[in-house]
Amino acid sequence: MTGFLKKHGWTLGLLAILLTLLIAIRVVQPNFGASGLESLARAALPFAFATAAMAVVVIAGGIDLSVASMMAVTGVTAAVLMDNATEGQAVFAVIAVLLVGIAMGAINGALIVLTKVPDIVVTLAMLFVWEGVALLILSTPGGGAADWLRSIIAGPVSLPFLPEAWTFWLPNAFIFMAVAIAVIWLPLRRSKLGLSIYAIGSDDTAAFRSGIAIGRTRVAAYAVAGLFCALGGLSLTMGTGIGEPVPGPYLMASVAAVVLGGVVLGGGRGGLLGPIIAVFILRAIRLLLTLMAVDPNVTTIVEGTIMVVVVMLGAILMMRERRS
Amino acid sequence: MTDSGAEPLLLDAQSVSKRFGAVAALSNASLHLRRGEVVALMGANGAGKSTFVKILTGALRPDTGHVQIKGVDRRVGSPAEARRSGLVPVYQEPSLIPDLTVADNLRLGDTDEAAFRHWVAELGVSDLNLGEMIHRLPLATLRILDLARALASKPDVLLLDEMTAALPTDLVEKVLKTVRAQADEGLAVIFVSHRFPEIAALCDRASVLRDGETVGDLPIEDGVEDRAVELMLGAALTPGQLAEDRDAHVPQTATGTPRLKVSGIGLGGKLTDVSFDLHPGEVLGVVALEGQGQDELFDILAGFRRAETGTLEVDGTTREFTHPADAIAAGLTFVPGNRAEALLMDRSVRENIALPFSARLRAWAGLPMKREAARVAEAIERLQIDTRAQGEVRRLSGGNQQKVTIGRWIATGVETLLLFDPTRGIDVRTKRQIYPLVRELAAQGAAVLFYTSELEEVQLACDRAVVMFGGRVVDIIDAAEADEPTLMRAAYGLPRNAPAEAAS
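Which chain is which? The protein sequence lines are U and H, in order.
This note's numbering applies: residue 1 is where the first sequence begins, and numbers increase by one.
This note's numbering applies: residue 1 is where the second sequence begins, and numbers increase by one.
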């Protein structure tokens, strides 16, 4: 039990913060209910995928500044491919979009490994490259999305064998996110590639000496990030029904959630659960402050302050534990 | 490839060379091993030993020459490839992933868990939890785990690179015994070490490198130490030179007010009632097995931690250190065992030597470059620092880096110097240059506290030695009486012989 607490302490702490925030929202806005949760989950969806992407490369000891741009590319690719397409053709569009994401990520990783230019420089450059590519594909918002795809993330869960009273509060968007991330991350986390990703982030000399192909692992980590970005881009198009070529505010938000979520920026430590919870915390804070009619400019100040305080408290607690 | 009808060679490295830019790190290195042989690879720092090890393990490609493993000619491309070919290295710093559990590390390297457990037990670590994170385990345990992992992969050739450095004595014995037993069953071992007693206990032959060239292959027998030192130095060294060095050093007896008076220091379960005096002009050795409280003692003296009980007096005044700055203000200068903590690795030798006295300037005026240059040039000359790579301290060899960390205080002047194992992992030649440096500091009036993990250094450099065991000072021995057997007994907490006891 104490081992479990030690290992998952950060995640449990984040969950407690999230619950407190949801209760606070309920207190401020007594009619906040199922539809409120649904819009919270839908708003959090692209942030969650951007954060998952960022978390994977940060665990591998890198950083990817081009996540928002890659989401823009995959979002407009999806919108263009599905414009006037049949519902069936849309399936192939989805597959193509996911492959485009993996390819972009792999290109980022390969450039870092081959040129030996620092990751922060390469991905900063690619931020602009992918931004341009997105605008070349679609210069103004447009395109379309298949109806079945849009319905995946709309409304609450309804399952034929469960009474509606049990599921009405659980948004589809949340289920989509949880399933998509679990299907990719859980098998990966347990695979040798997953261990290798943690290994190169933790200590690349030791990883090299343990016989890990550092370069290939790094490219794979960026490719996985690309895949999460594709899901993020897809979810944007699913949410609005059109493609938006200008990148959204997902880069800094994802770094913030990764840090708050307990992933160490130097690499090797943390998982995806913490950062995903952190995404919801950051969205919930925003919602709470909006409901309390706080000046939006103050909102960002509060968000930043909370981030520093939480990370600092976490570090202090960890230091205490190490001393005892 | 067979050698005059004898057993085929397991490993055969011939005429290996490697250049880094203008510097030839290796010019003509060779090494061969048969089944069941243990060969020591020796060489002064800068002789090309680490480059040779990197080539053997596949971290570097040689420019010329070849490395054959089990008769197969291959230029190894990566550690993974070398491992598959049968050569498995164990390094001085553990190569386990800090943020993964022991079990995950095994999975990562495809290590057989049952075999691993067997070797861990054999090497004397009994209570290992495979679910524990690597970064929570003590360093000595990690070295054992590294070796167990290597043995579990059933290598043909095992390469131990300074693996026993700073390992506690009882574990060193277990390691040597286990490795020797494996060699007797056919394992070939390359043993990179500076420690003659261990080489004598373990090895069949010693291969000596000097200036990138293999200059000798000696059978291990009586007197091999002097022969090996002679080969490493490249100059004729009369037999028993080490003993002469010892005789040349006359311990000083100091009196008067101590520079540093430590009384009754205690810290949790780590230190209990530690007391001793350190006088100006004295070099006081500290001798202890691994983990007997010496780290905590130095931390307290350097102001990194606060003692729970006891007092510190500097020049007769009681001082309380709440921050390293307090210790520095009281004239206590700490030189950590880890050179990376003492030097600005990316800056030049000159800046590193000049740093203490330029840091002292209170005014924000320009630095007196001319005077700085003169003092630094003088220091480099005196320290005999190899200045080919002086643009960045990082590129100096370990021994030369250590000379910079100590030598800068000669250029600056220092009152009390706390040296923590300054000769760890340094070759014999450089060590012999460091002892006079320490003596010279003392002659200038400095008080030096000198923790060493090598017992013979007490008689080579110190006036007295404080022996710690279990967080207590168990004995204070004059250098004249502090031969290795006496120190060893004391370090294990055993009482001194009756006559010595009567004398103290």
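Read the hints as simulated data drawn from the structure, not as lab findings.
Note that the structure is a prediction, hence the values are computed from the model and not measured.
We put the beta carbon where it would ideally sit given N, CA and C, even for glycine.
Any given hint might turn out to be false.
A few chain H residues that face chain U, going by a derived Cβ cut-off under 7 Å, partial list only [as the list claims (entries may be wrong)]: (1) 80; (2) 83; (3) 95; (4) 97; (5) 98; (6) 104; (7) 108; (8) 112.
Quick list of simulated restraints, FRET-style, between CB atoms [said to hold, decoys possible]: (9) 173/H x 12/U: 41 to 47 Å; (10) 132/U x 305/H: 39 to 45 Å; (11) 293/U x 348/H: 38 to 44 Å; (12) 205/U x 304/H: 22 to 28 Å; (13) 114/H x 83/U: 56 to 62 Å; (14) 205/U x 263/H: 22 to 28 Å; (15) 381/H x 132/U: 55 to 61 Å.
With a Cα cut of at most 20 Å, we get these calculated DMTMM-like pairs of lysine to aspartate or glutamate [said to hold, decoys possible]: (16) 54/H x 204/U; (17) 192/U x 277/H; (18) 261/H x 320/H; (19) 7/U x 132/H; (20) 192/U x 99/H; (21) 261/H x 277/H; (22) 154/H x 170/H; (23) 192/U x 320/H; (24) 54/H x 113/H.
Structure-based check of each hint:
no. : hint                      : in the structure
1   : 80                        : 3 Å, holds
2   : 83                        : 5 Å, holds
3   : 95                        : 4 Å, holds
4   : 97                        : 4 Å, holds
5   : 98                        : 5 Å, holds
6   : 104                       : 5 Å, holds
7   : 108                       : 5 Å, holds
8   : 112                       : 15 Å, violated
9   : 173/H x 12/U: 41 to 47 Å  : 45 Å, holds
10  : 132/U x 305/H: 39 to 45 Å : 55 Å, violated
11  : 293/U x 348/H: 38 to 44 Å : 59 Å, violated
12  : 205/U x 304/H: 22 to 28 Å : 27 Å, holds
13  : 114/H x 83/U: 56 to 62 Å  : 59 Å, holds
14  : 205/U x 263/H: 22 to 28 Å : 44 Å, violated
15  : 381/H x 132/U: 55 to 61 Å : 59 Å, holds
16  : 54/H x 204/U              : 16 Å, holds
17  : 192/U x 277/H             : 56 Å, violated
18  : 261/H x 320/H             : 12 Å, holds
19  : 7/U x 132/H               : 11 Å, holds
20  : 192/U x 99/H              : 15 Å, holds
21  : 261/H x 277/H             : 5 Å, holds
22  : 154/H x 170/H             : 25 Å, violated
23  : 192/U x 320/H             : 52 Å, violated
24  : 54/H x 113/H              : 28 Å, violated
Violated hints, listed in ascending order, are 8, 10, 11, 14, 17, 22, 23 and 24; each of the other numbered hints is respected by the structure.
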